[in-house]
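This is what each chain is made of:
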Amino acid sequence: MTQDRKTFVAWLQAAPMMLVFALFFLLPLLFVTIVSAWDYNEYEMIPAFSLRGYTDTFEGCIADLPNLCTILKTYLNTLKLCLLTWGLTLLIGFTVAYFLAFHVRSKTWQIVLTLLCTIPFWTSNVIRMIAWIPLLGRNGLVNRGLEGAGLIKQPLEWLLFSEFSVVLALVHLFTFFMVVPIFNSMIRIDKRLIEAAYDAGASGWQTLVNVIIPLTKPGIVIGSIFVITIVMGDFVTIGVMGGQQIASAGKIIESRLNALQFPAAAANAVILLGVTILIISALTRIVDIRKEL
Amino acid sequence: MSERRPRSFYFLAAFFSAYVLFLYGPMFAIYILSFQGPDGGLTFPMNGVSLVWFGKVFSGSGIVDIGAAFKRSLQLGLVVMVLTVVLSVSAGLAFRRSFRGATLLFYVAIASLIMPSIITSLGIALEFRLLDDFIIKSGAANWTTAMGLFTSGLGAHLTWTLPFGLLIMFAIFNRFDGRLEEAARDLGATPWQTFRHVVLPIILPSVVGIGLFGFTLSWDELARSSQTIGSVNTLPLELQGLTTTVTKPDIYALGTLTSAVSFLVILSALVVILVLQARQRRHGSDAGKGMV
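Those sequence lines, one after another, are chains A and B.
Residue numbers for the first sequence follow the working numbering, so the first one is 1 and each next one is one higher.
Residue numbers for the second sequence follow the working numbering, so the first one is 294 and each next one is one higher.
For the record, the hints were derived by calculation from the structure and aren't laboratory data.
None of the values given here were measured: they were computed from a predicted structure.
Some hints could be false.
Calculated Cβ distances over 12 Å to all of chain A for the following chain B residues [stated by the list, open to error]:
{"id": "1", "residue": "Q329"}
{"id": "2", "residue": "A361"}
{"id": "3", "residue": "F469"}
{"id": "4", "residue": "R472"}
{"id": "5", "residue": "D479"}
{"id": "6", "residue": "V491"}
{"id": "7", "residue": "P494"}
{"id": "8", "residue": "L497"}
{"id": "9", "residue": "Q520"}
{"id": "10", "residue": "G523"}
{"id": "11", "residue": "P529"}
{"id": "12", "residue": "R575"}
Rough simulated footprint, nothing fancy, chain B against chain A, three-plus residues with beta-carbon under 8 Å [claimed, not checked]:
{"id": "13", "segment": "221 to 234"}
{"id": "14", "segment": "260 to 274"}
C-beta atoms are modelled at their ideal positions from N, C-alpha and C, and glycine is treated no differently.
Generate coordinates for the entire structure from the input sequences, incorporating the hints supplied.
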């Protein structure tokens, strides 16, 4: 086959996937951007240029100064949840990956234990959220246990349908996204480097900080991108675990949609997208993703 | 490193065990509670043991039309699985050569993976709404909507499963020995024969893995489905709706059933992968076995 024909075949092989992404990802994003600058009334969108979606969103932001307006408060709160989840998933994910990569010596055990961490990822997120109810509820195991031990007299109310339970569920659901890329970076570290550090007199801690963490950075960044983008746009976990009472960037879009205010929802989506892209581009400054696959 | 385990091993092993308990503990709590007696509530202790709540789910009393949602999710999951496998393998093959738009496709796939789901979902919903408006304005007065399980819903799920499929294909071909194909070509195999008899058998275990991802990710998908499914609901959407209204353990029974399907799929996929790998070892390389 000639070179031209070969590349044409390759192009044909990739075309179906390109088509799916064009129809169901790129085009929809374009529509979100366009519709965000449309006008709307109580029940339908009007295809005329208007920035009402944006101005409604930022309503009162200047007038209410120095108090923060709703949208800024919501974004700050989302960022707070995001940072908490990120810190915890990173800590847990790194430790778990470190154990799997450096302390489990047999290949078979490594596969079995990795699989053990992966299986929950293949089961339903909603069920894994509901699963906390019998533990954290008013009459749940935790409250009963604490009461039984005489540590508390009243059931703790903040265990469920609170920011605590939201972060707990997010960590529960998404630590997997940290473990996999970090583990992937760690098993590629040449073991001789660690031996060399050891021979040169480095303590375990020094090896960790000066050798392993720098070499694991790509995995850390990829995992962080996953966790941060998921939490920034999340509305399901925050909805279910927050008892539909906690506001977040994703939930704003959802509630605008339920009110059929499509341009306002689209405007919020554009804002969320902008914030997310800012965070990601800051993170990718640190590492080139393409090289790491 | 010496044979003796360092002290840090025991600390990390304990940490790992705690993490596994954290992963599985709550899930097992609801599996157990779904066998709650007829008078039991949403929390421990168990008030007798029964299958009442499973019966409630199957008979549909208390929960609206779960059977239909179950069937819909199953059908959609299977279609998504097949499409994910076919499109990912095909595109994976393409990426082994350079073609126009390769870099673009790669970045679009990554973007689709990490795009907040609510934005993708909203975009597809808008797209279909505008399409409907357009069709109605063009004169089809009886037109209702193009939105549905196997149009917008299917597309939404593919934006989520295809990136996983593509990344797995990258991982496969990074480790693939291209000399095997050259050997096949030298022996006169056509490109299709090379794929069918050389490449496919070697990558088959991983392709089953892609199928596993395709089905389970679709079966449990929620955020991207939320705005794109149309008038009907998938099982995860029904489940999410129930979290705010149900006060009886039937939601646990439904959760247990959904998980059972997931576990069944995971288990059969793993068995198939193991069987395929064993077969490869038996029929595989004869290197080092001396001259024939």
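Status of P529 of chain B, Cβ more than 12 Å from any chain A Cβ: At roughly 5 Å from the nearest Cβ of chain A, P529 of chain B sits no farther out than 12 Å, so the non-interface label is violated.
Using Cβ atoms and 12 Å as the threshold, tell me whether F469 of chain B really stays out of contact range of chain A. At about 14 Å from chain A, F469 of chain B clears the 12 Å cut-off, so the statement holds.
Report holds if the minimum CB distance from G523 of chain B to chain A is greater than 12 Å, and violated otherwise. Answer for G523 of chain B: holds, closest chain A Cβ roughly 14 Å.
A cut-off of 12 Å on Cβ-Cβ distance, and L497 of chain B was said to be off the interface with chain A. Does that hold? holds, 18 Å
Any Cβ of chain A at or closer than 12 Å to R472 of chain B, or is the non-interface label fine? holds, 18 Å
Cut-off 8 Å, C-beta pairs, minimum 3 residues; does the coverage of the segment 221 to 234 of chain A by chain B stand? holds (count 7)
Check of the segment 260 to 274 of chain A against chain B for coverage (Cβ-Cβ below 8 Å, three residues minimum): Since three or more residues must qualify, the claim that chain B covers the segment 260 to 274 of chain A holds, with 6 doing so at under 8 Å.
In terms of Cβ atoms, is chain A entirely out of 12 Å range of A361 of chain B? holds, 18 Å
Checking a non-interface call: every C-beta of chain A should be farther than 12 Å from the C-beta of D479 of chain B. Is that right? It holds; D479 of chain B is separated from chain A by about 15 Å at its closest Cβ, greater than 12 Å.
R575 of chain B: least C-beta distance to chain A exceeds 12 Å? holds, 19 Å
Verdict on Q520 of chain B as a residue remote from chain A, using beta-carbon distances over 12 Å: violated, 6 Å
Is P494 of chain B truly not at the interface, in the sense that its beta carbon sits beyond 12 Å from all beta carbons of chain A? holds, 19 Å
In the structure shown, a violation is registered for the earlier hints numbered 1, 9, 11, in ascending order.
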